[in-house]
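Listed in order, the protein sequences are those of chains A and B. Quick note on numbering: my numbering labels position 239 of the first sequence as 239, and the sequence is numbered without any gaps. Quick note on numbering: my numbering labels position 66 of the second sequence as 66, and the sequence is numbered without any gaps.
No lab work stands behind these hints, which were simulated from the structure alone. We put the CB at the ideal spot given by N, CA and C, even for glycine. Heads up, a few of these hints could be off.
Stated by the list, open to error - Below 27 Å or equal to it, Euclidean Cα-Cα: the simulated DSS-like pairs (lysine-lysine) are:
id	chain 1	residue 1	chain 2	residue 2
1	B	Lys166	B	Lys247
2	A	Lys14	B	Lys82
3	A	Lys90	A	Lys223
4	A	Lys90	A	Lys14
5	A	Lys350	B	Lys295
6	A	Lys88	A	Lys350
7	B	Lys247	B	Lys167
8	B	Lys166	A	Lys13
9	A	Lys350	A	Lys13
10	A	Lys223	A	Lys247
11	B	Lys117	A	Lys247
12	A	Lys197	A	Lys185
13	A	Lys88	A	Lys13
14	A	Lys350	A	Lys90
15	A	Lys90	B	Lys10
16	A	Lys350	A	Lys14
17	A	Lys88	B	Lys82
18	A	Lys90	B	Lys82
19	A	Lys168	B	Lys10
20	A	Lys88	A	Lys220
21	B	Lys10	B	Lys129
Unchecked claim - A partial selection of chain A residues facing chain B, derived with a Cβ cut-off under 8 Å:
id	residue
22	Gly149
23	Met158
24	Val328
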Amino acid sequence: MKRSGEPLIRVAKKTELSGGRLALFSLLGLCIAIFVGGLFILTLGKNPFAVYQSIFMGAFRSPLAFQGTIKIAIPLLISSLAITLAFKMKFWNIGAEGQIIMGGIFASYFALFHDGLPHFLLLLIMLIAGMIGGGLWGLIPAFFKSRFGTNETLFTLMLNYIALYLIKYLTEGPWRDPASSGFPKIATFTANAQLDKILGIHAGWVIALILVVFVFVYLKYTKQGYEITVVGESENTARYAGMNVSKIVMRTMFLSGAICGIAGMTQASGAAYTLSEGIAGGVGFTAIIVAWLSRLNPFLAVIFTLFLSVLQKGSSVMQSAFGLSTYVSDVLEGIILFVILGVDFFTQYKLIFRGAQKHD
Amino acid sequence: MINFLFAAIKAGTPLLFGTTGEIITEKTGNLNLGVEGMMFLGAFAGFFIGHHTGSVVLALLASFILGALGALIYAFLTVTLKANQTVSGLALTIFGAGFANFFGQIMIAAAEDGVPKLPETFMNRLAEKPIPVLGSIPYIGKLFFSHNILVYVGIIVALICWFYMKKTRAGLTMRSVGENPGAADAAGINVTLVKYMNILLGGGICGMGGAYISLVNGGGVWNNNCVNGQGWIAVALVIFANWSPAKALLGSLVFGAFSVLQFYAPKDIIAIPNAFYVMLPYLITAIVLVFSSIKKSKEHSQPAGCSINYFREER
């Protein structure tokens, strides 16, 4: 039969792949991304192998550098878990940045004004305060989304800026450290309000690993986790099944914000020992990349967090070694994300060439 | 007051470019959250070419092209490969910002005193000067006819886009693709081509907005991170403007006013800390988002097919 009308290449839907195959595609995408990133480095006239090697060495060259890498990884992993929860529900929360900040603000209040409390009690209160702060900041867009259908992407984004300028206000106004003359800043926390170190790195990494297990179990084995998945797949299905969609959305976003709040608390009391405008520093956005790369799988999130942390930490040596600024890691992150998004296509669709036999 | 409104128009122009570009993109059915990234790309391209050639026209053209190239990546991912639009847009923002800062840093390293500057003749061409005759009308002349040339370019681009969308056949085709790609496809419209063309056009216009930031707001000097969230405000302004480039003119003026309010507000009467003035545009955007979602006007609102990828075999 002559089929002149048929196009050269046709696109058709594939049957869904298993989790293992999907993870494989992620890793394959990562390899392609590293290759494309290498081409980018090559066009700059540098040797990609040398650059990648020095990024890797830069992240692991000394115990101090390794600790630095983990320090970058802690808030990134925690917030990517928070985003995983929201994205699973197809709630496009890009407000992790603001939720981290609010967690930091709430936790810092106790560190600054109630540091007379017993050490562990104080840290516990700071942790809970951070969770409430971040949680409330996540709840606001969830409330308006479920009530009025307000676009959550833009709303969470605006809340990022509002939180950021709230810190600016606190720094220049009521929380300004009177002891520091000149540039306004908030006082350094007393030792009592600083997060303890475990194996040389602040305890945030233990919290992060606990959260990995928590989020995995929560999504996979609890009723609430199941509800999140159903709402994410189809709100109508959830409604037909008698689920209270707006309650689920609000509960999940409170939880997502609260987890970001934990990141804010550990950043303030474990890494910076103070509250500053740089507390989140773009982590909330990088965390989106991690969550997406790991296909919303908490364990894969650990791997991709480490990968991006090595990239960020290692790129800090780029300036001296190759004359490339640390922004190179931003460019590479963008390229990686592009490639992964592109590779996704082949997990869902297949190409059928003209004249190919039907084999389904 | 005249000075305040004058500054508001000036500050609102990059938002006008960004909003107009994003309206075109969304009307064709794609929510591109990469406006910030495309503005960064345009900001860098405009400055780089302006820095090296001294030509305003070439600088604008370069910013349009690089913005459109950024949009091309997005279009390829979302239209051809059917990737998630939200995440693709975010990726473009991260990439664009990184790209501009990365090459900006190289420009900084290459400049003699570490400060890449635009040539003086270039800055003179962008200087604010009254249009002959019209500029000498009291008040109105100062307010409307004494701007730098890019302000007029922005207004003209917005008006042309309005005309294109509402009055031309191509605009109608584009809107039909945004509303119902399936029906447009059945009517013999090449959905993929229409989407590509309009996403690229929108991206180019966003890029020009970035050029405004680096060429005019920067005062002739390159700053890393110069776009600083204005792309995101533009995305929000689309909702405020109800997907109409004509209303975007008003919207960007209002938001421009908020962003310069801190320099013109009578401080002795209203004493609020500076941080809140800076916060205002974002706060207002959030409030506008909520109110427009409560109101949910049917007319002119977001195209029905927006943010849903079109796959022919899934109708």
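Outcome of the hint check:
no. : hint                : in the structure
1   : B:Lys166 - B:Lys247 : holds (13 Å)
2   : A:Lys14 - B:Lys82   : holds (14 Å)
3   : A:Lys90 - A:Lys223  : holds (18 Å)
4   : A:Lys90 - A:Lys14   : holds (22 Å)
5   : A:Lys350 - B:Lys295 : violated (42 Å)
6   : A:Lys88 - A:Lys350  : holds (25 Å)
7   : B:Lys247 - B:Lys167 : holds (16 Å)
8   : B:Lys166 - A:Lys13  : violated (36 Å)
9   : A:Lys350 - A:Lys13  : holds (6 Å)
10  : A:Lys223 - A:Lys247 : holds (14 Å)
11  : B:Lys117 - A:Lys247 : violated (55 Å)
12  : A:Lys197 - A:Lys185 : holds (25 Å)
13  : A:Lys88 - A:Lys13   : holds (22 Å)
14  : A:Lys350 - A:Lys90  : holds (25 Å)
15  : A:Lys90 - B:Lys10   : violated (38 Å)
16  : A:Lys350 - A:Lys14  : holds (6 Å)
17  : A:Lys88 - B:Lys82   : holds (19 Å)
18  : A:Lys90 - B:Lys82   : holds (17 Å)
19  : A:Lys168 - B:Lys10  : holds (26 Å)
20  : A:Lys88 - A:Lys220  : holds (11 Å)
21  : B:Lys10 - B:Lys129  : holds (13 Å)
22  : Gly149              : holds (5 Å)
23  : Met158              : holds (4 Å)
24  : Val328              : holds (6 Å)
Checked against the numbered hints given earlier, the structure breaks hints 5, 8, 11, 15 and satisfies all the rest.
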